[in-house]
Amino acid sequence: MGIVDDDIRRVREESDIIRLITQHTQLKKVGRSWKGLCPFHNEKTPSFTVNQENGRYYCFGCQANGDSIEFLREIDNLDFVAAVEILAAQNGIPLRYTDKKESKSRNRRKELIKLVADAVDFYNKKLIDMDNPEARPAREYLKQRGLDGDIAEKFSIGWAPDSWDSLCGHLSVSNEDLLAAGLGGINKNGGQYDFFRNRILFPIFSEQGDPIAFGGRKLPEGEGPKYKNTSDGAEIYSKSQILYGLNWAKEEAGRIDELVVCEGYTDVIGCHEAGISRAVATCGTALTQEHVRKMSRFAKKVVLAFDADNAGQSAAEKVYEWESEFDVLFKVADLPEGKDPGDLAFSNPDELNHIVENAKPHMQFRVDRVLEKGDFESKEGRARSAIEAMKVVAQHPDELIRDQYIVQIADKCLIGADEIRRRASKENSKVEKSVTTREVVSVKMERLTTEYQALRMLIHKPEEVTNWLHPVLLSDPIAESVFVALTNSTDLHEANQSLGTEESDLVGRLSVQEAEDDKPLGVFSRLLSLAAERKAVEFESLARQSGELSEYQADISYLRRSVMELNEEGIHQIEEGMELRSWLIAKSEV
Numbered sequence: 002m003g004i005v006d007d008d009i010r011r012v013r014e015e016s017d018i019i020r021l022i023t024q025h026t027q028l029k030k031v032g033r034s035w036k037g038l039c040p041f042h043n044e045k046t047p048s049f050t051v052n053q054e055n056g057r058y059y060c061f062g063c064q065a066n067g068d069s070i071e072f073l074r075e076i077d078n079l080d081f082v083a084a085v086e087i088l089a090a091q092n093g094i095p096l097r098y099t100d101k102k103e104s105k106s107r108n109r110r111k112e113l114i115k116l117v118a119d120a121v122d123f124y125n126k127k128l129i130d131m132d133n134p135e136a137r138p139a140r141e142y143l144k145q146r147g148l149d150g151d152i153a154e155k156f157s158i159g160w161a162p163d164s165w166d167s168l169c170g171h172l173s174v175s176n177e178d179l180l181a182a183g184l185g186g187i188n189k190n191g192g193q194y195d196f197f198r199n200r201i202l203f204p205i206f207s208e209q210g211d212p213i214a215f216g217g218r219k220l221p222e223g224e225g226p227k228y229k230n231t232s233d234g235a236e237i238y239s240k241s242q243i244l245y246g247l248n249w250a251k252e253e254a255g256r257i258d259e260l261v262v263c264e265g266y267t268d269v270i271g272c273h274e275a276g277i278s279r280a281v282a283t284c285g286t287a288l289t290q291e292h293v294r295k296m297s298r299f300a301k302k303v304v305l306a307f308d309a310d311n312a313g314q315s316a317a318e319k320v321y322e323w324e325s326e327f328d329v330l331f332k333v334a335d336l337p338e339g340k341d342p343g344d345l346a347f348s349n350p351d352e353l354n355h356i357v358e359n360a361k362p363h364m365q366f367r368v369d370r371v372l373e374k375g376d377f378e379s380k381e382g383r384a385r386s387a388i389e390a391m392k393v394v395a396q397h398p399d400e401l402i403r404d405q406y407i408v409q410i411a412d413k414c415l416i417g418a419d420e421i422r423r424r425a426s427k428e429n430s431k432v433e434k435s436v437t438t439r440e441v442v443s444v445k446m447e448r449l450t451t452e453y454q455a456l457r458m459l460i461h462k463p464e465e466v467t468n469w470l471h472p473v474l475l476s477d478p479i480a481e482s483v484f485v486a487l488t489n490s491t492d493l494h495e496a497n498q499s500l501g502t503e504e505s506d507l508v509g510r511l512s513v514q515e516a517e518d519d520k521p522l523g524v525f526s527r528l529l530s531l532a533a534e535r536k537a538v539e540f541e542s543l544a545r546q547s548g549e550l551s552e553y554q555a556d557i558s559y560l561r562r563s564v565m566e567l568n569e570e571g572i573h574q575i576e577e578g579m580e581l582r583s584w585l586i587a588k589s590e591v
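Numbering (my numbering), first residue to last: 2 to 591.
No lab work stands behind these hints, which were simulated from the structure alone. It is possible that part of the hints are untrue.
Claimed, not checked - Computed cross-link-like contacts, EDC-like style, restricted to lysine to aspartate or glutamate with a CA-CA straight-line distance of at most 16 Å:
no.	residue 1	residue 2
1	K144	D344
2	K413	D369
3	K115	E236
4	K301	E358
5	K155	D122
6	K340	E264
7	K126	D149
8	K126	D151
9	K340	D351
10	K462	D492
11	K413	D376
12	K302	D258
13	K413	E373
14	K301	E338
15	K111	D178
16	K219	E135
17	K301	D328
18	K392	D477
19	K340	D328
20	K144	E274
21	K392	E503
22	K413	E465
23	K374	E338
As the list claims (entries may be wrong) - Beta-carbon label-pair distances, calculated as ranges:
no.	residue 1	residue 2	range
24	G62	A118	37 to 47 Å
25	S232	R107	19 to 29 Å
26	G210	R109	12 to 22 Å
27	Q365	P463	32 to 42 Å
28	P134	P463	51 to 61 Å
29	K374	F327	23 to 33 Å
30	E378	S589	36 to 46 Å
31	R146	P472	10 to 20 Å
32	T286	R423	35 to 45 Å
33	S34	K374	51 to 61 Å
34	D328	Q574	34 to 44 Å
35	N55	R137	51 to 61 Å
Glycine included, every Cβ here is placed at the ideal spot set by N, Cα and C.
Can you build the whole structure from these sequences, using the hints too?
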């Protein structure tokens, strides 16, 4: 599909390239040009130059260059037409298309956005109309939360009447459009009904500012679930990819190179009112890889402003992978116990700003939380604290960063750093492992991610793992407990009934994560390699203790050879790993 050339030319000429680019990186005027750090690659010395007069940019570091359309295409991963449409909408420029057939789908999206926009206006007026007594409980609730009339208007907050078809009657649209926009449904008699009733509604916007969905919260005396969002079945909404508030946050995020992630809509609104305009929230789902991918386009620092325990554990096993994959740094805002950003924003905005500004790196926050609970009055207490802290540190994939925390733990616990390095393996290990720090920490870190991957697949696609997954491949007691519960239960609810708090929490987290990217062959191969490495280390230790090296030599050689082959070549089909699996099972039963 094409857009008329004259319209494209007009978009280029009328788009403010400085305003566009400063949403993603800071620019400083130097002479007639503007300069700053390139948003397309990492650099410490500015090499990115923008010429406002001709509307073009160029990076002398990575050679990225173009105009406002090219910039938007690259920074937001858009196709040409989408970039032109966004810039045209921002500048009030109507577009003409050369292919009427293909333009139909884009017009369809615009029609649905228009429907949602009409619903936003309808619900907002129902809320702010002081002559509407039915909305009084909603207004009073919002007032108690600090969300008065001005804020309700600013963020287009609305109220859905306690009626089956008030919105449907107002819109008067076809069944197809009502369903596609996610605004209602069709009852068994063929009549239309509203999707939201007697709820406070927070409109959800795309990053370009188009209304695409709603997040609904019931009133304290209301019925049904506390939160209810537009269904993922709507044509223009996908909750796993949308961040509430990004349309407002992206400009400040680009200037400061930071986004603040909250848990709820009112937290985001509170942050914005407290001067933290870079706040966003997920839409009723855990943080996903797609969320992080999107955030990384706008900022390289991500502050988690959750409840303290949730922030430290939120996607903990994934955070460090995401940091590496998307070149971001996760930090945690250390909120007071029982307080969320929405509360602090209105009770003490200065404190909230201070907490966000002093957020700690994710690993630092978790280590500090462990050490804060430690007993440092006795040698035993200090040793236990060091072991617990190292369980956290072991999850980080960067050896240099791990070692920095080892030094911190050693200093806090009055234990030599070398001793902590030697004892970085799991507490109460049955066999002392004589391997280097790098091997211990690396093996443990990979165990956590790989074993949890296997469990995640067992939950989401059991047919791909049940024939090879076995406790002998699991070294984490929690993972083994979860495996046993899952394999001996008919569903997740039944499995959870037999698990402790920590194990049940793991099942909960894994059950809401996506497993599409988990590859059975790769996971099986890595679990085999780790299990063989553990068994080889065990035999080597037993051989030294008994002085009977010859008794174990054949087994050790077989295991070392297997580890080398698995690490170099992996397996190409499940059957290739079954012989080693059976051998490990047999040896574990001796």
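Ascending list of hint numbers which this structure does not respect: 14, 19, 22 and 31
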